[in-house]
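Colleague: So you can see what is in the structure, the chains are spelled out below.
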Amino acid sequence: MADLLSVRRLRVSYRSGRQTVPAVAGVDLTVRRGEVVAVVGESGSGKSTIAHAIIGLLRDNARIEAGEILFAGTDLLTRTDRQLGEVRGRGIGFIPQDPAVSLNPVLPVGIQVAEVLLIHRQARDRRDALAQAVDLLARAGLPDPQRCAHQYPHQLSGGMCQRVLIAIALAGRPQLLIADEPTSALDVTVQRQILDHLEALAREDGTAVLLITHDLAVAADRAQQIVVLSQGRLVEQGPTEALLADPTHPYTQRLVADAPRLTDSRLEAGAPPPPTGPPRQPVLTVRGLTKVYRGDTPAVDGIDLSIARGETLALVGESGSGKSTTARLLVGLDRPTAGSILVDGVDVSALNRAGRRALHRRVQIVDQNPYAAMDPRFTVRQIVEEPLRAFRVADRPARQARIAELLDQVALPASLARRRPAELSGGQRQRVAIARALALHPQLLICDEPVSALDVTVQAQILRLLARLRAELGLSMLFITHDLAVVRRIADRVAVMRAGRLVETGHADDVLTRPDHPYTRQLLEAVPGADRAVLAAPRPSSPLPGE
Amino acid sequence: MVDLIDVPAPVDGPAPTRTAALRSAAAYLLYRLDLVLCVLWLVMVAGWAVLPGVFSRQDPLTGVAAERLRPPSAHHPLGTDQLGRDLYARVVHGAALSLQAALIAVGVALVLGSAVGLAAGSLGHRAGELIMRIVDVLLAIPALLTALALITALGFGTVQVAVAVGVATAATFARVMRAEVLRIRAAPYIGAARCAGARGWWIAVRHVIPNTAGPVLVLAALEFGTAILFISTLSFLGLGAAPPAPEWGSLVSAGRNYLNTAWWLTTLPSITVAVTVLAANRIARQLEHRRG
Chain P
150 MADLLSVRRL RVSYRSGRQT VPAVAGVDLT VRRGEVVAVV GESGSGKSTI
200 AHAIIGLLRD NARIEAGEIL FAGTDLLTRT DRQLGEVRGR GIGFIPQDPA
250 VSLNPVLPVG IQVAEVLLIH RQARDRRDAL AQAVDLLARA GLPDPQRCAH
300 QYPHQLSGGM CQRVLIAIAL AGRPQLLIAD EPTSALDVTV QRQILDHLEA
350 LAREDGTAVL LITHDLAVAA DRAQQIVVLS QGRLVEQGPT EALLADPTHP
400 YTQRLVADAP RLTDSRLEAG APPPPTGPPR QPVLTVRGLT KVYRGDTPAV
450 DGIDLSIARG ETLALVGESG SGKSTTARLL VGLDRPTAGS ILVDGVDVSA
500 LNRAGRRALH RRVQIVDQNP YAAMDPRFTV RQIVEEPLRA FRVADRPARQ
550 ARIAELLDQV ALPASLARRR PAELSGGQRQ RVAIARALAL HPQLLICDEP
600 VSALDVTVQA QILRLLARLR AELGLSMLFI THDLAVVRRI ADRVAVMRAG
650 RLVETGHADD VLTRPDHPYT RQLLEAVPGA DRAVLAAPRP SSPLPGE
Chain Z
141 MVDLIDVPAP VDGPAPTRTA ALRSAAAYLL YRLDLVLCVL WLVMVAGWAV
191 LPGVFSRQDP LTGVAAERLR PPSAHHPLGT DQLGRDLYAR VVHGAALSLQ
241 AALIAVGVAL VLGSAVGLAA GSLGHRAGEL IMRIVDVLLA IPALLTALAL
291 ITALGFGTVQ VAVAVGVATA ATFARVMRAE VLRIRAAPYI GAARCAGARG
341 WWIAVRHVIP NTAGPVLVLA ALEFGTAILF ISTLSFLGLG AAPPAPEWGS
391 LVSAGRNYLN TAWWLTTLPS ITVAVTVLAA NRIARQLEHR RG
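Chains as they are written, first to last, in the numbering used here: chain P, 150 to 696; chain Z, 141 to 432.
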């Protein structure tokens, strides 16, 4: 097979203010005809920059310092913008990262596909272009393309918008398709359909695919070749099987080791598993919890839950299933429409304002997006101190001691106390959020997608931290997530939520290995990497490495 | 704790050398020449207000009868008025009154408007809507008309004019403040603060007000220019400073009678007001841009 795309010694840097930050520092990679190559890396590794450099759509402050990008034998970097226009679309199709913002909101999607056909003169006139656009939408796997073609992006779901973008990318019949995190914003079941479809298209037409992803499991499932990037450098590359079976570079080894997988065992943190046998007293009991937002279909529709002391319940579901609404109801940020929430036997929904405020001493929340959940003007010390001050816990010196203790508990150096959230990394911010939640010695910690915004390695660290704190402090947890592989690491029991209702509840082992409900089964099958020998094999159990 | 990925984000590059820093600062100032000129102008006007004697040695109040209605010359850079008073001296000495009045007006508008906006944003949906409808009524009446009505109640004088202008323009502040308060109150960190057990007043003082300050202060800078204009207008109408005290608006007004024979009496003070308003707006835009 001939090389379709060959990137050689590419160096790209970004100018920000007065300094220049290298984003890609000398990367070589090759894509052959009909091949799927995955570029894997964490955020900031330069993977999207490479994609943008190839199609010549780098941001204004980016500069290509050196290297060449050979596409079908010609160097794209020496082409003018006009000549590149021919290559874009016809030679190389691009599927951008975020379907929500990548379509024009004021045009029906059919028109947007037809536009590409007209630009590349593949349609005789507008009527012909529209007809072809409907065909393309059908090929991209959009149900009822005839109707969808006349709809606007806001009328379509994220997965459908992504298919429209695929149709646009396919319109010019490109030889190479660059997909920049095409499914990161989507639920696993949708992700699976989209990736299946891309794979089938590539196979049928012999289109090569450069798949850019942060998810090693997705790469493992879909690519023949994997290229691992870290901090703008190529760390390792090779055929998928070989690379996963025997990663040679320490970074790749860590990436493989940290990827959450369904066969993982629960993180125990050295403590014995919670005793089974006589039923423990529940910390939280929820009965018939319902929340209806202004005449809409209920966001939460009569769910029943209970969490025993020291137990971790994972609430699993896709976006829009009502998980986060449930979390808000449980911490008292929202009032339920119906149903009862009993914390230690006391009905929370019947409490007055002071009672609800007192509830926060026992129930705390760790938010999905730690950055948004912190006042940008506060320092780490002020953030962690806020609950202590609000409840007048201890005097000033005692509070400072408690802050130091909390930062120590979440393994943050005390020197960070004077920083502001913007100066912290994602993992550090989540640690601060955990420290704040623990400040009042809560019994129940509600974690709303605490690791979904983090890179796998940081994700693994935070999960280990939560497991350790749970064991040390005897915390009960409600762990909300869309990622079943994470559930495996942390949960005793699992509740699966769909469209505001619970479809299945049970012991984590049972639900994950012998799901009852078809929806749970569907979710499990969609987890990427599930059928990969290397990623699915149980890892050698090590108590808490690297934490 | 092996925190390999969890390293703090780089805050700064290598410290530039002193000369390089000076050179790049000079380059930045040249690039923003318009902004630099605006700042210099306002600094000069502020200097007029604080130390008028340094900028003009002539008496603004007593004229030389022999030198009445002289066009601009080396001795009288802006000419003289009908009583032979040096116009430049009057403009310089008038800056204090005009700027003082503008500051009072913006201060009144800022405090009053922000308080109303904060209340409207914090008190819940119904009370907020009620307050904002009243604010809408205020906005619907031309500010000049409101100010005139208030002056008839408060009496004549520079301070009265300033307070009236402040009250009349407070509605804009209320709107901006309420929008900001609503935006901030929807932020996850307010929910987090509530979860931390913080009470309403604590959230308002520690979280909401500091985070709304930016846009409101930018608006204050923008309104400063408008306030100068308003106050000059009201003085022009004879409601502000009593003669013979010099004030920019009354200078323009007094010169109107000699428009045919002495153009400089209206034109030059008008240009002073215009340039000051433009400079204030330019700086306000820059502040707004830096925030955005």
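Because the hints were derived from the structure by calculation, they are not lab data.
Among the hints, erroneous ones may be present.
If you want the footprint, here are the derived chain Z segments under chain P, 3+ residues with CB under 8 Å [stated by the list, open to error]:
id, segment
1, 209-218
2, 333-339
3, 345-358
Pair ranges (Cβ atoms, derived) [said to hold, decoys possible]:
id, chain 1, residue 1, chain 2, residue 2, range
4, Z, Asp-276, P, Tyr-301, 53 to 61 Å
5, P, Glu-348, Z, Leu-322, 53 to 61 Å
6, Z, Leu-418, P, Gln-549, 35 to 43 Å
7, P, Arg-322, Z, Arg-158, 56 to 64 Å
8, Z, Arg-158, P, Arg-181, 28 to 36 Å
9, P, Asn-210, Z, Met-184, 34 to 42 Å
10, Z, Asp-276, P, Arg-208, 48 to 56 Å
11, P, Asp-224, Z, Tyr-168, 52 to 60 Å
12, P, Arg-158, Z, Glu-428, 42 to 50 Å
Backbone N, C-alpha and C fix where the C-beta goes; we use that ideal spot for every residue, glycine too.
Colleague: Each hint needs a verdict: does it hold in this structure or not?
Modeller: Taking the hints in turn, this is what the structure says about them:
For the segment 209-218 of chain Z, the assignment as covered by chain P is violated, since 0 residues bring a beta-carbon within under 8 Å of that chain's beta-carbons and 3 are needed. Only when three residues or more bring their CB closer than 8 Å to a CB of chain P does the claim for the segment 333-339 of chain Z stand; here the count is 7, and the claim holds. With 4 residues carrying a beta carbon less than 8 Å from a beta carbon of chain P, the segment 345-358 of chain Z meets the three-residue requirement, and the given coverage holds. At about 33 Å, the beta-carbon gap between Z:Asp-276 and P:Tyr-301 misses the expected band of 53 to 61 Å.
Our hint of 53 to 61 Å for P:Glu-348 and Z:Leu-322 is violated, since their Cβ atoms are close to 46 Å apart. Checking the proposed 35 to 43 Å range against Z:Leu-418 and P:Gln-549 shows it is violated: the Cβ atoms sit about 51 Å from each other. Our hint of 56 to 64 Å for P:Arg-322 and Z:Arg-158 holds, since their Cβ atoms are close to 59 Å apart. Checked against the hint of 28 to 36 Å, the C-beta distance between Z:Arg-158 and P:Arg-181 comes to roughly 54 Å, which is inconsistent with it.
The hint said 34 to 42 Å for the Cβ distance between P:Asn-210 and Z:Met-184, and at roughly 37 Å that hint holds. As the Cβ distance of Z:Asp-276 to P:Arg-208 is approximately 42 Å, the hint placing it in 48 to 56 Å is violated. Roughly 37 Å separates the CB atoms of P:Asp-224 and Z:Tyr-168, a value that falls outside the hinted 52 to 60 Å. Checked against the hint of 42 to 50 Å, the C-beta distance between P:Arg-158 and Z:Glu-428 comes to roughly 43 Å, which is consistent with it.
Violated hints for the displayed structure, listed by number in ascending order: 1, 4, 5, 6, 8, 10, 11.
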